[in-house]
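Chemist: All chains, please: the whole structure from these sequences, using the hints.
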Amino acid sequence: MLDIPSVMPWKKFQEWSKVYGDVVFLNLPGQPTVILGSAKAAFELLDKRSDIYSDRPTPIMHKMMSWGWNLALMPYSQRWRDHRREFHQHFNQHEVPKFHQIQLRECRAFLQRVFASPTNDLGQNVRQIFTAIILKIAYDMDISDLRDEYVLLAQEAVEGISIVTVPGICWLEHFPFLRYIPTWVPWTYSKRITEYYRPIVENMVNKPFDEIKQGIVNGQDNHSLVSSIIERIQQRSIEDPSNPIDDKIARNVAGVAYATAADTVSVLHLVYRILSQYTCRQLQQVNLS
Numbered sequence: 001m002l003d004i005p006s007v008m009p010w011k012k013f014q015e016w017s018k019v020y021g022d023v024v025f026l027n028l029p030g031q032p033t034v035i036l037g038s039a040k041a042a043f044e045l046l047d048k049r050s051d052i053y054s055d056r057p058t059p060i061m062h063k064m065m066s067w068g069w070n071l072a073l074m075p076y077s078q079r080w081r082d083h084r085r086e087f088h089q090h091f092n093q094h095e096v097p098k099f100h101q102i103q104l105r106e107c108r109a110f111l112q113r114v115f116a117s118p119t120n121d122l123g124q125n126v127r128q129i130f131t132a133i134i135l136k137i138a139y140d141m142d143i144s145d146l147r148d149e150y151v152l153l154a155q156e157a158v159e160g161i162s163i164v165t166v167p168g169i170c171w172l173e174h175f176p177f178l179r180y181i182p183t184w185v186p187w188t189y190s191k192r193i194t195e196y197y198r199p200i201v202e203n204m205v206n207k208p209f210d211e212i213k214q215g216i217v218n219g220q221d222n223h224s225l226v227s228s229i230i231e232r233i234q235q236r237s238i239e240d241p242s243n244p245i246d247d248k249i250a251r252n253v254a255g256v257a258y259a260t261a262a263d264t265v266s267v268l269h270l271v272y273r274i275l276s277q278y279t280c281r282q283l284q285q286v287n288l289s
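If you read the sequence shown in this note's numbering, its first letter stands for residue 1, the second for the next number, and so on.
Accuracy of the hints is not assured; some may be wrong.
[Stated by the list, open to error] When the alpha-carbon atoms are kept at most 25 angstroms apart in a straight line, the in silico SDA-like pairs for lysine to any residue are as follows: (1) K40 / Q14; (2) K11 / V24; (3) K207 / D221; (4) K40 / S66.
Since the hints were made in silico from the structure, they are not lab data.
Modeler: Right, here's the structure in full:
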């Protein structure tokens, strides 16, 4: 376990894959881990044999950080199917074109910001465009500033989960009894992480939803994913009173979209950094010529 670096662990995983093959098994205490070292291995196991390997574990760190509402982290169950159904209702190939105007508006605003202040941190500008798009779609909320609390909230919440997903870094995952030990005791770094990020994650999923729900109750006009799901849930409860459904699904589905947008920012920022390297620009110029 101590052989896994906490910084850029994928480099060590790549070394192991070259030595041991595309599928490497780590028998970590309390958390057996499989490392897939190639796209072929990932496709064979996660796509062709998805009926065997599609279930998800429930990491203790995710639970303690209050990420249990996230569709991507739920174990396969009826609860997962209910959430997936609602998510698909609003983000399938027939529904996505409805969001094109929102995307176009935010793309124009993004370009205006970049041209007006090219020295500004590109990562912040990219973060704003994706957060603005998804907040408008999910909650019908507008943001116009890089320091908007909802931009920063999503950024910090996703930062937390990126820390705890590195295999071997969080000892609490391997020794669950550490959750009962006070945080001032050595070796409780994992617990300190959960206590710091838990209120941030809870705020991310609850704060925008509660704000919009209260507005709907007060009669404010709202055209969002949240209002649409709440209406569908209320209608289903009327049609089948014996099977009431609370608004947690609406809260969680909107939160998943919100968190996913924040996570997408990191990937796109990385792609931009790679493409902006001198050798990549040379290759692009050759291809264009």
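Chemist: Each hint should be assessed against the structure and marked as holding or not.
Modeler: Hint by hint, here is what the structure shows:
1. K40 / Q14: 14 angstroms, holds
2. K11 / V24: OK: K11 and V24 at ~14 angstroms, within 25 angstroms.
3. K207 / D221: With a Cα-Cα distance of about 19 angstroms, the restraint between K207 and D221 holds, given a limit of 25 angstroms.
4. K40 / S66: Roughly 34 angstroms separates the two Cα atoms, so the pair is violated.
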